[in-house]
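Whole structure, please, built from the sequences with the hints as guidance.
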Amino acid sequence: MKADRRHGGNGENRTRAAIISYLQPRTATMLALGCSCGLPLLTISNALSLWLTDNRVSMSAIGLFAYTLLPYSLKFLWAPLLDQVRLPFLSRLLGKRRSWMLAAQVGILIAFAGLCISDPKTQLFQIGLFALLLGFAGASQDISVDAWRIEVAPADEQGTMLGAYQLGYRLTALATAALAPYIAQLFSWGASLVFLACLIFIGMAAALLARRPPERDARQEAEVAERTLGLGGRIGAALGWFYGALIAPFTDFFRRHGWAGLLILAMIGSYRLPDFVMGAMARPMYRQSFSLVEIGTMSGLIGVWVTIAGALFGGFFVFRFGIMRALFTGLAAVITGNLTYALLAASGHNIPMFAAAVTVENIAAGFAGTALLAYMSSLTNAAFTATQYALFSSFYALPGKLLGGLSGFLVIWFAQHRSAFEALLPDLTRLPDKVVGFVPFFVATALSGLPALLMLILVYRMEGGAGPKAQTVTAT
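Numbering follows the working numbering, in which position 55 of the sequence shown is assigned residue number 83; successive positions increment by one, without gaps.
Incorrect hints may have been included.
No more than 20 Å apart at the CA atoms, straight line, and that leaves these computed lysine to aspartate or glutamate pairs for EDC-like [claimed, not checked]: (1) K462 <-> E322; (2) K462 <-> D82; (3) K149 <-> D82.
Per label pair, the in silico range of CB-to-CB distance [to be verified]: (4) L236 <-> M381: 42 to 48 Å; (5) I440 <-> V113: 41 to 47 Å; (6) L214 <-> A360: 38 to 44 Å; (7) L486 <-> F278: 18 to 24 Å; (8) R120 <-> G286: 40 to 46 Å; (9) F278 <-> C226: 35 to 41 Å; (10) A448 <-> S88: 17 to 23 Å; (11) I485 <-> S88: 33 to 39 Å; (12) Q444 <-> L152: 22 to 28 Å; (13) F229 <-> N378: 37 to 43 Å; (14) L329 <-> C226: 18 to 24 Å; (15) Q213 <-> A233: 27 to 33 Å; (16) F229 <-> F117: 18 to 24 Å.
Worth flagging that the hints you see were computed from the coordinates, not collected in a lab. Where a beta carbon is used, it is the ideal one built from N, C-alpha and C, also for glycine.
Below, the structure is given as structure tokens:
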């Protein structure tokens with residue numbers, strides 16, 4: 029079925045169906061799981077960066093902490109394990125997807141405990157290890173939640189499910205970006221981290237109460253290998269598992285798309301590059317000119333709610349007008365949002381400009397995130413749900429994470445070479461040294477979205493303007 033066919037037909041009926049789809053019980057479960065999935069990543073990118081900035085950790089070191097989020101980009105390496113292996117006892121009780129959700133959430137809780145007992149001034153390496161564990165457990169949780177979502181909801185409700193996911197995700201952003209700084213200001217960063225750790229129990233409750241999706245027999249892959257290769261017994265079973273878990277998901281994608289699959293993966297990898305790279309330095313930039321309370325209010329309260337609006341509108345836009353149109357709109361909004369951050373960095377302590385920049389950037393992030401996730405979901409084959417979706421998720425985040433880790437060095441480099449950019453950006457001459465590197469940095473991140481725009485145009489033409497074909501066949 030064409031991914032963009034959903035915008036055809038009677039517009040009024042489609043609008044009514046889109047609204048009704050938000051009232052399904054599985055959508056409420058997706059909301060809670062979205063809260064849980066956002067907790068590890070947003071703690072690292074929001075609360076952790078402010079915590080380190082307040083403890084006078086260097087800008088370059090803060091940027092390097094973006095690498096603790098690399099597990100989100102490399103999760104395809106162990107996604108086959110979660111796709112094929114069942115945990116003893118828990119799988120019989122909860123099913124494969126929910127048991128892995130719960131196991132990952134326990135890992136998240138352990139990581140939070142380690143962060144709570146660490147001192148950034150003397151134990152920065154230890155904090156890095158616990159942050160890495162937090163990223164790994166969070167990525168593992170995402171694998172199971174994404175697979176559960178695709179398996180329990182029909183294709184025409186994926187936009188709605190993703191809208192609910194983004195809503196839950198942004199509610200957690202409210203906790204990490206607004207409540208965490210408030211608690212840190214009133215009490216301490218230790219108390220703030222304890223508060224965030226308790227939020228994982230929302231995800232645990234959702235995992236226990238979620239609907240159990242139908243499961244495929246893991247031995248099917250072994251039977252495929254035995255029939256195809258003529259091998260039996262344990263050797264055939266082992267080869268069958270290896271083929272079904274590691275090889276088949278990748279060969280299936282390129283079998284359906286051919287060499288155009290490389291272009292699709294490249295477009296996915298560059299689509300969110302602008303906001304991923306700028307995100308690593310957003311809060312350190314805030315802290316140069318604004319207090320924790322101001323940051324919590326603007327970036328947290330205002331930013332989160334407008335992102336929720338962007339996410340919900342993105343889900344509705346995908347449902348009503350189609351994925352490809354949503355992708356173009358989201359990318360244009362993201363580029364615009366990064367340019368507003370360059371203006372904010374040049375404005376100093378300017379509350380109205382702070383509110384405007386946060387509003388534009390967060391609406392763009394919510395909209396673009398929903399559009400891209402819906403696009404990636406449409407590319408998966410139901411026979412290899414977790415592995416293929418993890419592959420797409422990894423490609424969409426990996427370039428941004430790799431460059432994001434160097435963002436602190438880039439800000440320092442731009443500041444050291446300010447004279448080279450003063451002709452293009454005259455305002456640099458009047459800015460203090462502590463913020464001068466941020467202005468060209470955010471302009472550069474906006475320009476990094478242009479290659480994605482070119483590739484998106486090529487993908488659109490390749491698909492005949494209709495978007496990708498969603499595959500729903502199962503393994504035999």
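Results of checking the hints against the structure:
1. K462 <-> E322: holds, 19 Å
2. K462 <-> D82: holds, 15 Å
3. K149 <-> D82: Since the Cα atoms of K149 and D82 sit roughly 10 Å apart, the hinted pair holds (cutoff 20 Å).
4. L236 <-> M381: 42 to 48 Å: Since the Cβ atoms of L236 and M381 sit about 45 Å apart, the hinted range of 42 to 48 Å holds.
5. I440 <-> V113: 41 to 47 Å: Holds: the Cβ-Cβ distance is about 44 Å, inside 41 to 47 Å.
6. L214 <-> A360: 38 to 44 Å: The hint (38 to 44 Å, Cβ to Cβ) holds, given that L214 and A360 are roughly 40 Å apart.
7. L486 <-> F278: 18 to 24 Å: Given a distance of about 22 Å, which is inside 18 to 24 Å, the answer is holds.
8. R120 <-> G286: 40 to 46 Å: holds, 41 Å
9. F278 <-> C226: 35 to 41 Å: holds, 39 Å
10. A448 <-> S88: 17 to 23 Å: Hint holds: Cβ distance 20 Å, inside 17 to 23 Å.
11. I485 <-> S88: 33 to 39 Å: holds, 36 Å
12. Q444 <-> L152: 22 to 28 Å: Holds - the Cβ-Cβ distance for Q444 and L152, about 24 Å, lies within 22 to 28 Å.
13. F229 <-> N378: 37 to 43 Å: The hinted range 37 to 43 Å holds for F229 and N378, with Cβ atoms some 39 Å apart.
14. L329 <-> C226: 18 to 24 Å: holds, 20 Å
15. Q213 <-> A233: 27 to 33 Å: About 29 Å separates the Cβ atoms of Q213 and A233, which means 27 to 33 Å holds.
16. F229 <-> F117: 18 to 24 Å: holds, 21 Å
Checked against the numbered hints given earlier, the structure satisfies every one of them.
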